Structure formats: C-alpha cells, structure tokens
Amino acid sequence: AQTVTQSQPEMSVQEAETVTLSCTYDTSENNYYLFWYKQPPSRQMILVIRQEAYKQQNATENRFSVNFQKAAKSFSLKISDSQLGDTAMYFCAFIASGYALNFGKGTSLLVTP
Amino acid sequence: DAEITQSPRHKITETGRQVTLACHQTWNHNNMFWYRQDLGHGLRLIHYSYGVQDTNKGEVSDGYSVSRSNTEDLPLTLESAASSQTSVYFCASSEYQSEQFFGPGTRLTVL
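Each protein sequence line maps, in turn, to chains A and B.
Numbering of the first sequence is given in my numbering, commencing with residue 1 and proceeding in unit increments.
Numbering of the second sequence is given in my numbering, commencing with residue 1 and proceeding in unit increments.
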C-alpha cells in the first residue's frame, strides 16, 4: 500500500516566524515524485513545491523549502518568514506508480499576527 | 490561458437521483482525475483516465462512473446519489508525473 501520513492535524505560528510541517510516506517504488499543495479558504488547490526522489538536493521555492530524507521516507515543509496569507490547509502528496496523487490528510496551518 | 473548469460549483440533490459533474480542461493533457475531499480524509481518488476511451477505478470508485470521449472532458456520474456521497469533488489534469492542475471544486450535497 502507498500511504502518506501527516501527524500534525493543526499548527499555529506567529507572523514572521518559521514553521515546519511533517510528512512521512510509504512506497516500495524507487522513483517517485513528492509534492506539497496549499488549500486556502477559497478551496483552490495550489502547488507549493515539488521534489523528484532521484534528486538529493532539497527543493526550494522562495520562503518554502523541503527536507527530503529518502531513507527515512520523510518529506517535511519549512515555511520561513510566515505571512498571514500562508494560513491554509497543507497537503503532502506523492506519485509513485502511474500518475495519480496519493494525499495525506492535511495539516491546518494558522498564521497569527 | 489554459485552465480547468468544473460545473456546477454547488449542487443539492436528493437521494437516488442521478447526478453528473462536469470537468473541462484546455491544457490538452492526456491525464485526468477525479478526487473527493472529506474532513479527516484528505483527497481520495475516485476515477482517472490516461487518454480518450481509457478509464480506471480509484480508491473510492463505488457508486461513480466516468467516460472519456475526448481529450478535454471527463464527466463524473453518480448513478444513484447517496448521502455518503456528500462531499467536495475536485477534477485535475496533468502531463506525465508533473504538477497536477486542479479545478475549483464542486460542493455536492445529497439530502
């Protein structure tokens, strides 16, 4: 079975601080792709960051970066300099066999002033 | 600009009725997907298609069907709506194992 676990249902961080969202996954595939999606109250699914499993270098997109530990099957998301607009549900997901996404249950992040 | 649209955005129906949710994409992607989102479950795959005339069942396909007659559209049909199918439905498309582009979602309520 291919599963994704997000162990933090809810998190809170103050504006300008740094927060890390955790994600672990399980797959028997060697080649796969990992994603973090953001879902703000508008409900739109927005890609935050993408990581190919064969790349050792951690992906970075502006204030968003990942810590990818392939052996541990861990893929955490770090948000630096948190902004009020980062308030959203965050989903960890991966694609192994085929092209469909396997999603975690999500982490609700609240950024407070 | 290319986009993916869903209609209707909101739908209320009664138990036992047939319902069809539309999904249309202008990305010219071969891969299209239907997911449902429920509190505490994240997004779960219902059906998917890798091209015209190709359809496949996902994790939660019971009570749903899809058809793919062209590249742009993948309608999702609930043959006989049940209260357990009250959910938010997302359509998505992609090319290979790259980013999936999502529609805005359809909120379906079955009374």
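In short, the hints are calculated from the structure, not lab data.
Keep in mind the model is a prediction, meaning the values are calculated, not measured.
Heads up, some of the hints might be wrong.
[To be verified] Which chain A residues stay away from chain B? Per the calculated CB distances, all over 12 Å, these: (1) ASN31; (2) TYR33; (3) GLN44; (4) GLN57; (5) ARG63; (6) GLN69; (7) ALA71; (8) THR87; (9) LEU110.
[Stated by the list, open to error] Footprint (simulated), chain A over chain B, 3 or more residues, beta carbon under 8 Å: (10) 38-48; (11) 88-95; (12) 99-108.
Glycine included, each C-beta is placed from N, C-alpha and C at the ideal position.
Hints, verified against the model:
no.: 1; hint: ASN31; in the structure: 9 Å, violated
no.: 2; hint: TYR33; in the structure: 5 Å, violated
no.: 3; hint: GLN44; in the structure: 6 Å, violated
no.: 4; hint: GLN57; in the structure: 18 Å, holds
no.: 5; hint: ARG63; in the structure: 19 Å, holds
no.: 6; hint: GLN69; in the structure: 21 Å, holds
no.: 7; hint: ALA71; in the structure: 22 Å, holds
no.: 8; hint: THR87; in the structure: 18 Å, holds
no.: 9; hint: LEU110; in the structure: 17 Å, holds
no.: 10; hint: 38-48; in the structure: holds (count 7)
no.: 11; hint: 88-95; in the structure: holds (count 4)
no.: 12; hint: 99-108; in the structure: holds (count 5)
Violated hints, listed in ascending order, are 1, 2 and 3; each of the other numbered hints is respected by the structure.
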